[in-house]
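S.K.: Using the sequences and the hints, build the whole thing.
The chain contents come next:
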Amino acid sequence: MTPVPAARGTQSSISPETRLKLYRTMQECRMLEKRAYDLFMQNLIKGTSHLALGQEAIAAGFGVAMRPEDYTFCTYRGHNHTLVRGVGMTEILGELMGNSSGLMRGKGGSMHLTSVKHNMLGSYAIIGAHLTIANGAAWSAQYRGTEQVAVCFFGDGTTNIGAFHEALNFAVIWKLPVVFVCENNLYMEYTSIHDVTAVERPAADRASAYGLEPVLIDGNDVDVVYRTAQRALDLARRGGGPSLIEAETYRHGGHSRADPGKYRPDEEVKEWLNKDPLPRYRTRLAQMGVSDSELQKIDDETKAKIDAATEVARNAPPPPLEIASTDVWANGGSAWRN
Amino acid sequence: MAQLTYRDAVAAGMAQEMRRDPSVVFLGEDVAAAGGVFKTTVGLLDEFGPKRVKDTPISEQAILGAAMGAAMTGLRPIAEIMFSDFFAVCWDIVVNQIAKARYMTDGQITMPLVIKSGNGGGARFGAQHSQSVENWAMAIPGLKVVAPAFPADVKGLMAAAIRDNDPVLFFEQKSLYATKGEVPDGEHIVELGKANVVREGSDVTIVALALMVPRALKAAEILQEQHGINATVVDLRSLVPLDTQTILREVAKTGRLVTVEENPRLCGWGAEISSIVAEELFWDLDGPIVRVTTPHIPLAAANNLEDAQLPNPERIVAGVRQLVD
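Chains W and H supply the protein sequences, listed in that same order. Quick note on the working numbering: the first sequence kicks off at 1 and runs consecutively. Quick note on the working numbering: the second sequence kicks off at 1001 and runs consecutively.
Note that these hints are calculated values from the structure, not bench results. Each residue gets a CB set at the ideal place from its N, CA and C atoms; glycine is no exception. Since no wrong hints were added, every one of them can be taken at face value.
Derived DEER-like restraints, expressed as beta-carbon distance ranges:
1. W:SER100 <-> H:GLN1322: 51 to 61 Å
2. H:GLN1128 <-> W:ILE173: 25 to 35 Å
3. W:GLU200 <-> H:GLU1191: 53 to 63 Å
4. H:ASN1096 <-> W:GLY253: 20 to 30 Å
5. H:LEU1305 <-> W:SER100: 52 to 62 Å
6. W:GLY162 <-> H:ALA1033: 17 to 27 Å
7. H:ASN1096 <-> W:ASP195: 24 to 34 Å
8. H:ASN1096 <-> W:ILE173: 19 to 29 Å
M.R.: Next comes the structure, spelled out in structure tokens:
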């Protein structure tokens, strides 16, 4: 099987405005994630956190291509996917810090960022589950006759759990408007995905088992991701059913806060740092005539935005204690007896 | 009033709600064209069509995930897990996802869904198709748990579960499917979380659920006729919410409590009720609390073995007489 590239990266039909938006979105993801890292180092974020540094092109490419009414489902590595749907930086950082400025006022934490009003329907921390849940949102859209599409992001490790296979079969037989996006960063947690997978391409090589076209793309080229996203979203909106996309990428850091990522060969890390989606896109934009000052302005604005959000988030009070026992039930309470 | 089987009352409750609310949809294995392996959903496909009544592959995680995603986005799905033993292959979706989504998101998500499932023993299906798992569900914050004993309650509680804005696990006792009872015609709703005193007595209060309710009633007859003991029987109907007011009131009247549960012994729901009564009503008790349960062993398939394992009227009588003599 030869996986087919879904789209070429440098198609001139992407407008200059869209390209700048893609750049800005990637830069916001990059800088916010770096800020999250800094706040960890200052011990202002507890628990764990799974950074997506290096994987920004996938979140940005899809985020820009999606309509506001489309649904996002992602994993615990989901800060970027939340940000690109328009969720505020203060709300994201506040949730990471577990205080009252947070998106869920500290009731969810880093691994569960959710913003229903942005149709960001959740970050899920049990591998595989959210593929089946994305199907449900897609089914609902299909039933209600809207043009909404559910987009579901997951890692390479997910392709070896049962729910992945259940969800794909289910989506195909019901012809659901759902796009499955495997962010293949080459490692499940600490183990190379190749060492534990029967096929070379963990998602693309499984596509034919479900009657789907194998789609393997360069997940570090935001133009390619954007084009691929447009195509898959359009197919789903037209009633053409689901897509499965494997986007190759690399996380710059370890799996989580506790992991320095030392199991990865230096040469490999170096090679992938050379394919960092941000400098790569910056170079492309420069070649297309975008001035350095224009890009610098985006960088400066982004930094100022994150600084301001950080200030608000870090100075917010802890969540009110009473919310520890609210919203177990739809009536707002937690009573299980009379 | 019509005489309906427990089985037909399931479909009656679902149909009642599907008629009044187009957002109610139903999915599961063999539930549409075949009407369910236990024939609890016969007629729904014909009345509501293939868009609302849907057959699925044997993919329990996919079924419950689809129900959850649909519930999060405006529908009121009912999902069937054919045998409740199969919750073991999709428990992640129930426990980690469905039960916690509202809490974790600070109330952003509402989860109006029902999972109906054939539960319990007595049908000689062996250890993997006979378990009573309502106590698994009861242990998870965020799930409502219902297990009716009579056809009228099947219809009324199913309707209430569908209208409820929280996830409800609806346990249908497989050995009760063929039993019959009066079911109100027209719209019928039984509020969740209300126990029902199905027999009033003065000497002992027997608290039971699902299949154990008719067995407790049979035991009460024997106790009356052969031993002169007059028992109250409380049908819990819901484990969550739990109607502790009715339990405490009825135990206070007799001073004695016997719980009858189909769960294996350890951490069965009777333990929780015993604990509540011991904490809150200790000084009104005239003797120790007695729990009649399935022993802490898997269920066997053979007639005599399974019969020896599940609580039956004779064992309930013995449990009561241990307390009242």
